[in-house]
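**Q** One-letter residues, chain by chain:
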Amino acid sequence: MAKITILGAGLSGLSAAYHLKQDYEIFEKNNRVGGLCRSIKKDGFIFDYGPHILFPKDEYTQELIKKLLNKNLHFQQREAYIYHKTYDVYTRFPFQSHLYGLPVPVVKDCIIGFFKALQRTEEKPQDYEEWIKWNFGEGIAKHLMIPYAKKIWTVSPSEMNFEWVWNRVPRLSLEELLEGALHDSPKLFGFNKEFWYPYHGGIEALPLAFEPKIKNVHLKTEVKKIYLKKKCIEFDSGKKNFYEHLISTLPLPEVIKYADEAPDDIQRASQELENNSVYCVNLGIERENISPHHYVYFYEPEFLFHRISYPMNFSTHTTPGTCSSVTTESSYSRYREISRENITDRVVDDLIKAKILYPDDKIMVTDVADLKYAYIIYDKNHRKNVDKIHDFLRSHHIFPCGRFGEWEYFNMDHAMNSGKKTAQQVNKLYKKGQS
Amino acid sequence: MGGGCRTEKKDGFYFDYGGHIFYPRKKQVRELIDKLMKNDLFCMPREAWVYSKGVYTRYPFQANLFGHSVKVVKECLLGLMEAKLKHGEKPDRFQNFEDFIYKVFGDGMARHFMIPFNKKQWALPLKEMTVDWMGEFVPVPSLDEVLDGSLKMAPKCLGINANFIYPKKGGIQAVFESFVPHLQSLNTSSEVNLISLKNKSFEINGQNTQHYEKLVSTIPLPELVRIMDSVPPYVKSAAEKLRWTSLYVVNIGIERPHISDKHRVYYPEEDLIFHKLGYYQNQSPSMVPEGKSAVSAEISFSESRNIDKENLLQRTVEDLIKAKVLFPDDPIVLTHILTLPYAYAAYDFQRNKAVSVIKEFCEKNDIFLCGRYAEWEYQNMEQNILAGKKMAEKLNREAGLK
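Residue numbers (the working numbering), protein chains in the order written: chain A, 2 to 436; chain B, 1160 to 1561.
Don't read these hints as lab results, they were simulated from the structure. Do not take every clue at face value.
[To be verified] In silico lysine-lysine, PhoX-like type, Cα no more than 20 Å apart, as pairs:
#1 K1262/B <-> K117/A
#2 K188/A <-> K1230/B
#3 K30/A <-> K373/A
#4 K258/A <-> K230/A
#5 K117/A <-> K1249/B
#6 K22/A <-> K421/A
#7 K117/A <-> K1243/B
#8 K1245/B <-> K117/A
Fair warning: this is a prediction, and the values are worked out from it, not measured in the lab.
Let the sequences and hints guide you as you build the complete structure.
**A** The following block contains the structure:
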């Protein structure tokens, strides 16, 4: 009998299974593996659940992805831009490295703000808004970073910490700032300036490549309850599973909800966890090459979405020959609600406003994906609450794993690493037990 | 008459003794000039430019970086901001002029303009110069203004002499000729060779002796000391310490109209012999015969920058072609070299002491120093007019007149 149970067959669950040396069983509520890494196939178009690109940093994960996807992997340079409706201009992403093209007063504001930030003597930043101003100055903060942060996070950056930033928000030298302000510098900045993406099958090709290498996958099996003391999971079907160790990739609040034996303070901590959700509106358009870009960022509040992406440019095989495809992402949360009603129409209107679609474009395919758990919000209690819940779960032989189990801002390679790391911890326990 | 403000006339061309643009800012001076010149003045926006690395940008360099290559603009901005980070927004203690340039403008502007240009213009090592002379002559724009000038083309010149006046006819000398009807006893062609301090007299052209009670001298300070008799050694030695910059103005007339739309252009690059070109016909069309143009090149020299006068003309023409001002086949119809032995007083570290020693000695002998060359100062035309006025008022007062 398997001693180890894995909940969730997204990338982290699959990676955990792949790296485990003991018997395991893996349970997935959906009808196929992949989690958020699945793709939607509709009338010849392929859309992901929000854009997913690979930019693995460590060699092991790079090799693993290459091994899994073999020749089905396309390396390319990111073409990411920011659209400024106010000035009707596109500038390169990231904003701070490519000020060229903006009106002179804006560029000047950003440079003077940056220069003043270099002269500062005040205390270190305490929250994400202060961190932005500390690193980039008032101009860049005001013209882009704060409005964009409010849009994607649905909360004010002053209510967030900045431990998640890492190099997701690329910092730069005064010289780099000036270089990007004085001409259309093609130099790329940021940790994902080059990325990998499958030629065929959308991002789902990656989880599917794990499938032949793992076993005991139970699909369409949703958790109903977790009995912490009995170390037993009860599924919707009424079926039960007893475990010695449980690797859970489910979102932390879901786990605590199922494990209702958890004491009040754990329940409270779980209720305080913050995340945003994202509506992805996917469109198939009957017009070729509507854009050369991968991503375009929209920081202005008048747009419903904060970012759009063009799956057709990630891989031409995601889109029928003479068509184009676009995915828009709109964040929402308990702090900013978005009505789902008419969302496709509103998105199309905004795309027309941004001159990306023409009013007479024929839209062949529409699809709305609701990503209930999209990004973790790093509010000021994030670390405290997560540590508390994790300690509690570990004391009950439950290993939280993956973006939503660890409750961190993980990319795909991080999720795979998390699965590997968790599998290694479990492997070690059994090795010790045997000796 | 006219001194440094004379104008030479030759074959229908008029040449000033070096570029003179007049931008009186004091109301009393402007009113005086208007009274003297009536309607014989043009007033126009200055077109002053810098030519460097193949591009024209507006003058002053530091406030108009737009148009230079990204590399140059970036180096200038970076240097400026680094200097501000290191020395503060408004540094106020400088070891010398070179130190001022690095602290106030930073490495980039220093390298791309300030150091090479000033070396050429002053013909002196900048480390040996003080910053006493600068006043408003070296504009220091704010970071905001520098960025504005880096990110877009300024539509016109800014600064203290954004607009200037110039006589419609006769060159800059016309301004000073207009004084003549209001003066008395003007003796021209009268060189003073000797001043006898004991007798309070001076000799004109080696003969005619005149007595004075009080003498106002506007002649260059080293010349004054040279022609005074019985000068004590300490005054002589002070005069020997004075240094200055001399100037050649190489004037070239060519058979081609409208060779430039600018008034003056500054050249920082070392491979061109001149530091400044002037196009007087753009100050007044009457400065050249119809259908022709002139260009006046200014070349500084001094004891530390020797210029070979024999090859000066040829070298200037070659460099004008190199700078794309002249075409190799432009027919040159006139060449003309003016020599200004005293162009700029040098503000080195001995100047202040030496000048005050001499001035004190002169005043003891009722000789009063007045103007750019006698006071040994960097004065513009307005300051010279005011210096004369102030001196007259002082003498009037002492004579009990009002």
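**Q** Check the hint pairing K117/A with K1249/B against an upper bound of 20 Å on the C-alpha distance.
**A** 15 Å, holds
**Q** Tell me if the straight-line CA distance from K258/A to K230/A falls inside 20 Å.
**A** Answer holds: K258/A to K230/A is near 15 Å, not above 20 Å.
**Q** Please work out if K1262/B and K117/A have their alpha carbons no farther apart than 20 Å.
**A** Distance ~18 Å between K1262/B and K117/A Cα, so the pair holds.
**Q** For the pair supplied as a hint, K30/A and K373/A, confirm whether the alpha-carbon distance does not exceed 20 Å.
**A** Roughly 15 Å separates the two Cα atoms, so the pair holds.
**Q** Given the hinted pair K22/A and K421/A, is their alpha-carbon gap at most 20 Å?
**A** Holds. K22/A to K421/A sits at ~11 Å (cutoff 20 Å).
**Q** Would you check the hint for K1245/B and K117/A, treating anything up to 20 Å between C-alpha atoms as holding?
**A** Distance ~13 Å between K1245/B and K117/A Cα, so the pair holds.
**Q** Run the distance test for K117/A versus K1243/B: straight-line Cα separation, threshold 20 Å.
**A** 11 Å, holds
**Q** Tell me if the straight-line CA distance from K188/A to K1230/B falls inside 20 Å.
**A** Given pair K188/A, K1230/B holds - Cα atoms ~15 Å apart, limit 20 Å.
No hint from the list above goes unmet by this structure.
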